Amino acid sequence: MSQSETAMASETLGFQAEVKQLLHLMIHSLYSNKEIFLRELVSNASDACDKLRFEAIDKPELMQGDADLRIRVEYDADKRTITISDNGIGLSRDEAIANLGTIARSGTKEFFSQLTGDKQKDAHLIGQFGVGFYSSFIVADKVSVLSRRAGADATEAVLWESDGQGEFSIMTVEKADRGTAVTLHLRAEEDDFLSGWKLREILRRYSDHISLPVQMLKEEWDSEASKQVKTTEWETVNQANALWTRAKSDVTDEQYKEFYKHVSHDFEDPLAWTHNRVEGRSEYTQLLYVPKRAPFDLWDRDARRGVKLYVKRVFIMDDAEQLLPAYLRFVRGVIDSADLPLNVSREILQESRDVRAIREGSTKRILSVLEDMAENNAEQYAEFWGQFGQVLKEGMGEDAANKERIAKLLRFASTQANSATQSVSLADYVSRMKEGQDKIYYVTGESYAAASNSPHLEIFRKKGLEVLLLSDRVDEWMLSFMQDFEGKSLVSIAKGGLDLDALADEDEKKRQEEVAENFKPLVERLKASLDDKVKDVRVTVRLVDSPSCVVVDANELSPHLLRMLQAAGQAAPEVKPILEINPEHPLIARVQDANDADFAEWALLLLDQAMLAEGAQLKDSASFVKRLNKLLLQSA
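Going by full-length UniProt numbering, the sequence shown runs without a break in its numbering and finishes at 636.
No wet-lab data here; the hints were simulated from the structure.
Nothing false has been slipped in among the hints.
In silico DSSO-like cross-links for lysine-lysine, where the CA-CA straight-line distance does not exceed 30 Å:
(1) 463 to 488
(2) 227 to 79
(3) 488 to 510
(4) 434 to 408
(5) 520 to 630
(6) 218 to 51
(7) 520 to 576
(8) 20 to 79
(9) 257 to 34
(10) 527 to 630
(11) 509 to 527
(12) 488 to 439
(13) 257 to 408
(14) 535 to 626
(15) 462 to 527
(16) 408 to 488
(17) 434 to 510
(18) 198 to 257
(19) 463 to 495
(20) 34 to 198
(21) 403 to 434
(22) 403 to 488
(23) 462 to 509
(24) 434 to 463
(25) 439 to 463
(26) 439 to 408
(27) 292 to 20
(28) 576 to 533
(29) 533 to 626
Everything numeric in this text was worked out from a predicted model, so none of it was measured.
Just need the whole structure built from these sequences, with the hints factored in.
Shown next, in the form of structure tokens:
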């Protein structure tokens, strides 16, 4: 290194356990894509320069007369080193320990719990975790980081070194200028990277979109030595202008994909993107991406969300969550405003009229991308829905202005699809409705299997009526904001009395009335026996193969939602179920003929069976088993 170093206080520390685990996984999982180390380190250097530019808005003295921010890449074939340096914000001693020796971020536990041992899958997760610096150890057996924080004295620089085996050393040194230099001591088998041509090729492919100049020493052909030799002149390798400021016609798909990897730290290509310049009341540029996979911390409430915010090409913050609603928290990218002040804070973002305009415009743009995908590429949209469908459903309750657009994007499993795949849209359902049908029917369950095996479906299968099968945790909450679609009301088949009169002929209606009248004595008898356990007992037409089921009134919380509330530790009202019996089932005839001594046992058995079929947990399962065994023996 060119900077003078004077050791003042050396210390050897151990990596956090998670870092050691991560290093091992990364070296083995990402070895087939080794060159990404350069992309990650240049990306980090770019971020460091962005952060300095932002801090210097209030503290211009941090620039120290060196306002031309840049990144430099050097290699030394004799020493077998590559050095990536920048004149950005730099690191203090404490920051070096915190940022290079530990992983201090939410979701760490979830990240490690999802690692499978499958190199391809783990590589994707490692990329999502955003640990670019550690990729150095894929090609290096020793890494040195020399850094001085902007505003710090020359004697307060820090030298961090490690071989990636479990420990690192850190010492206070001198460094003449601010910024960071990361030097990689390459492994014996990594000679390919000790080539100016190879490094330039990687930098042009991975870093062309970076707005700062990425420089290398110019090389010229030496005819006497018959090889390229380095000069003392620095040349810029990349285009060095922000990709989002270019015209769409000047940006290739490959460049869009590489920029996505830069802003998201993802190793996979995005699923889709949109790039637009908006003019009018509010002026801004948006380059927004839909990832291919959900991040491991998608459901972590403490994780920071949002896109990168720039103001007039000056970086402001990484996770500007105010620029998009929470149900679009999976979106990555950049928004560059021409109207916001450079000293904008998160508090100002919450109150700004310009931010509201950006939020509304960006939301509509992403919904347009999804609509186009759903209409023109069903396979791609199915891929999106499998990853982010549950999050998009939250929009029904969060975004009243776009509620109708979101409803058209929703997908569900259904009795028509015969598969757990959620591929049925509400428009699909409406197009297949039977003559005389004016409702969209659905049933909820704790899983696809529970919903698809619900006894409530029996009459619908018999009549050939399609029912949506809802099993995502968010579904019950979402339904409270979605009462209808295109004038057709959504109705739970597990609530209230089914109104299927429009689909029944006169003979069916007459027979139903006769059956209800004939079974009045049994209904009254069951009501008396189950008096404190049910709200009502009645004859039903919804059952075909099952003897009984339980329902609740249309205005009451469903049993499934009540169980979710209880599981979450929230107070839930007590709701007594309504027991419905199938008069044509042989077991009902057996109950009807039971003597007074056994009738109470049969009544409880009918109720407990119905509750189990609904997915409920019995309060006294031992008594249920004992009662069932007794009645089975009597029947035998």
